[in-house]
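Colleague: Produce the entire structure from the sequences given, and follow the hints as far as they go.
Each chain, written out:
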Amino acid sequence: MLARLFHRPHTRLPIPRRSLYLPQLRRDASTWRTRFIPPIKTLRIPSLKAIRIPSIRDLRMPTTQQLQGTAYWTARISRYVILFFIGYHIFITHFFVYGPVYGISMLPTFNDEGDWVLTSSHYRRGRDVQVGDLITFTHPIKADTQSLKRVLGMPGDFVLRDTPGTSGAMQQVPEGHCWVAGDNQEWSRDSRMFGPLPLGLVKGKVVARKAAGEWLLRAIGEPWAELEVN
Amino acid sequence: MPVRLVPSFRTVRRVVAFATIPAAIAITIQDNLYEITPVTGSSMAPTLSPDYELEGRSDRLLWSKVSASANLTRGGLVIYTNPQHSERTAVKRVVALEGDTVILDPRRRPGTLDRTTGREDLDRVQAKAWDQMAPKFEVPFGHVWVEGDNWRKSNDSNNFGPISKSLIIGSSPVIVFPWARLGTKPWDVRRRSGTRVVKGTQGVPPEVFRDMFE
Numbered sequence: 001m002l003a004r005l006f007h008r009p010h011t012r013l014p015i016p017r018r019s020l021y022l023p024q025l026r027r028d029a030s031t032w033r034t035r036f037i038p039p040i041k042t043l044r045i046p047s048l049k050a051i052r053i054p055s056i057r058d059l060r061m062p063t064t065q066q067l068q069g070t071a072y073w074t075a076r077i078s079r080y081v082i083l084f085f086i087g088y089h090i091f092i093t094h095f096f097v098y099g100p101v102y103g104i105s106m107l108p109t110f111n112d113e114g115d116w117v118l119t120s121s122h123y124r125r126g127r128d129v130q131v132g133d134l135i136t137f138t139h140p141i142k143a144d145t146q147s148l149k150r151v152l153g154m155p156g157d158f159v160l161r162d163t164p165g166t167s168g169a170m171q172q173v174p175e176g177h178c179w180v181a182g183d184n185q186e187w188s189r190d191s192r193m194f195g196p197l198p199l200g201l202v203k204g205k206v207v208a209r210k211a212a213g214e215w216l217l218r219a220i221g222e223p224w225a226e227l228e229v230n
Numbered sequence: 001m002p003v004r005l006v007p008s009f010r011t012v013r014r015v016v017a018f019a020t021i022p023a024a025i026a027i028t029i030q031d032n033l034y035e036i037t038p039v040t041g042s043s044m045a046p047t048l049s050p051d052y053e054l055e056g057r058s059d060r061l062l063w064s065k066v067s068a069s070a071n072l073t074r075g076g077l078v079i080y081t082n083p084q085h086s087e088r089t090a091v092k093r094v095v096a097l098e099g100d101t102v103i104l105d106p107r108r109r110p111g112t113l114d115r116t117t118g119r120e121d122l123d124r125v126q127a128k129a130w131d132q133m134a135p136k137f138e139v140p141f142g143h144v145w146v147e148g149d150n151w152r153k154s155n156d157s158n159n160f161g162p163i164s165k166s167l168i169i170g171s172s173p174v175i176v177f178p179w180a181r182l183g184t185k186p187w188d189v190r191r192r193s194g195t196r197v198v199k200g201t202q203g204v205p206p207e208v209f210r211d212m213f214e
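Heads up: the sequence lines are chains A and B, in that order.
Quick note: the first sequence uses the UniProt record's numbering, first residue 1, plus one each step.
Quick note: the second sequence uses the UniProt record's numbering, first residue 1, plus one each step.
Source of the hints: derived by calculation from the structure; they are not laboratory data.
Keep in mind that this is a model prediction, so the values were computed, not measured.
Cβ coordinates follow ideal geometry from the N, Cα and C atoms, glycine included.
Hints are not guaranteed to be accurate.
[Claimed, not checked] Mimicking EDC-like on lysine to aspartate or glutamate, the simulated pairs with C-alpha atoms at most 16 angstroms apart in a straight line are:
#1 B/Lys153 / B/Asp123
#2 A/Lys203 / A/Asp144
#3 B/Lys153 / B/Asp105
#4 B/Lys199 / B/Asp51
#5 A/Lys142 / B/Glu207
#6 B/Lys65 / A/Asp144
#7 A/Lys203 / B/Asp121
#8 B/Lys153 / B/Glu53
#9 B/Lys153 / B/Glu120
#10 B/Lys136 / B/Asp105
#11 B/Lys185 / B/Asp149
#12 B/Lys136 / B/Asp100
#13 B/Lys153 / B/Asp51
#14 A/Lys203 / B/Asp31
#15 A/Lys142 / B/Glu53
#16 A/Lys142 / A/Asp190
#17 A/Lys210 / A/Asp115
#18 A/Lys142 / B/Asp211
[To be verified] Some chain B residues well away from chain A (every beta-carbon gap over 12 angstroms; in silico):
#19 Val12
#20 Ala45
#21 Ser64
#22 Arg124
#23 Arg196
Modeller: Written as structure tokens, this is what we have:
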């Protein structure tokens, strides 16, 4: 002990080793009682770090860098595909949809084929929809198709139930519904056939249109601007 | 002078990705595959949420959203967008499919119960519409007739008529809460109901829409 206190400068103290001080109980031959007797020598136990206990981190799937060959590329490509699909779905349902439309029920506003429309999903479920808007909605009769028509009445409004010139009966649009009609009344299947449309089916409102044969996307402003009135 | 810490682009990217990607995955799975919703209201008592009026405890159901409006069965539960409030959903039982004839239950006529909630005008309008549907009503093509189990407190097809199948968001549910009933489907038990249904033929579209289904 004293030697350590007055160590010479050019020597170094030994690095203290982590050793476990194990008490050894030794039965004294002279008495029947065991006594605590200090050990004869200290024991060295290898450090616990040498024993590797697998942790939660080792249960994770291997990172892409650790995979080999085709598994690496499959993981990488499928990750991009999944993220793209998720981003596409979020964009479609919350922001905009750009797609082709076809049919003769909205002539002359839209051509029968070749037109592309940009739909804003802000107006889904009827939010901020007004009379005169062009809306896309899930068809109430055939759930896997979508239709594009014009809104003629919102809840509470009175609308003509049949084609003008036939019966002349009026109907009030019930709460939570709207009345839709195509611009080409003779060749349009709309609320005259399937009744008021629940606003929960509305998917969006048309905000821009690319006509067939053109490349320019034109915004649709005032609701009645596109309609030619004779 | 202390250095103003500006996070690096990598850190910002990591934080943004950590916040948005799990939310986006959850939203996509909820919209397309499976969703868990609570059943609020006592319109399906005592089958679902029996303690809602007293203690506010609601059951939670796991819905399958894939092809929800296909393969509907009479007596199955569906979740649909409320036809009167487009931002809400509702959970009811499908009583009759398209083409079936529903013999309306007079107990379920709107306005039969004494209500002092200020809904008397609405009840009168809905009672008039119900009288036009009574006593027998054929469910039109593409629609279903939904009813809640609790006839005293259910806002269902007796109030707003049959609903379009396109409004149905999910079907084939399984209870996920409370734990005592996890995985069960207590509505599969056949119950006596005042509404009687005469089965008809499904899948026959009217003349106007026939070419859409060819």
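Colleague: Compare the structure with each hint and give your call.
Modeller: Hints, one by one, checked against the model:
no. : hint                : verdict
1   : B/Lys153 / B/Asp123 : 13 angstroms, holds
2   : A/Lys203 / A/Asp144 : 13 angstroms, holds
3   : B/Lys153 / B/Asp105 : 14 angstroms, holds
4   : B/Lys199 / B/Asp51  : 34 angstroms, violated
5   : A/Lys142 / B/Glu207 : 14 angstroms, holds
6   : B/Lys65 / A/Asp144  : 14 angstroms, holds
7   : A/Lys203 / B/Asp121 : 32 angstroms, violated
8   : B/Lys153 / B/Glu53  : 11 angstroms, holds
9   : B/Lys153 / B/Glu120 : 15 angstroms, holds
10  : B/Lys136 / B/Asp105 : 10 angstroms, holds
11  : B/Lys185 / B/Asp149 : 14 angstroms, holds
12  : B/Lys136 / B/Asp100 : 10 angstroms, holds
13  : B/Lys153 / B/Asp51  : 14 angstroms, holds
14  : A/Lys203 / B/Asp31  : 14 angstroms, holds
15  : A/Lys142 / B/Glu53  : 38 angstroms, violated
16  : A/Lys142 / A/Asp190 : 13 angstroms, holds
17  : A/Lys210 / A/Asp115 : 6 angstroms, holds
18  : A/Lys142 / B/Asp211 : 11 angstroms, holds
19  : Val12               : 18 angstroms, holds
20  : Ala45               : 25 angstroms, holds
21  : Ser64               : 15 angstroms, holds
22  : Arg124              : 15 angstroms, holds
23  : Arg196              : 25 angstroms, holds
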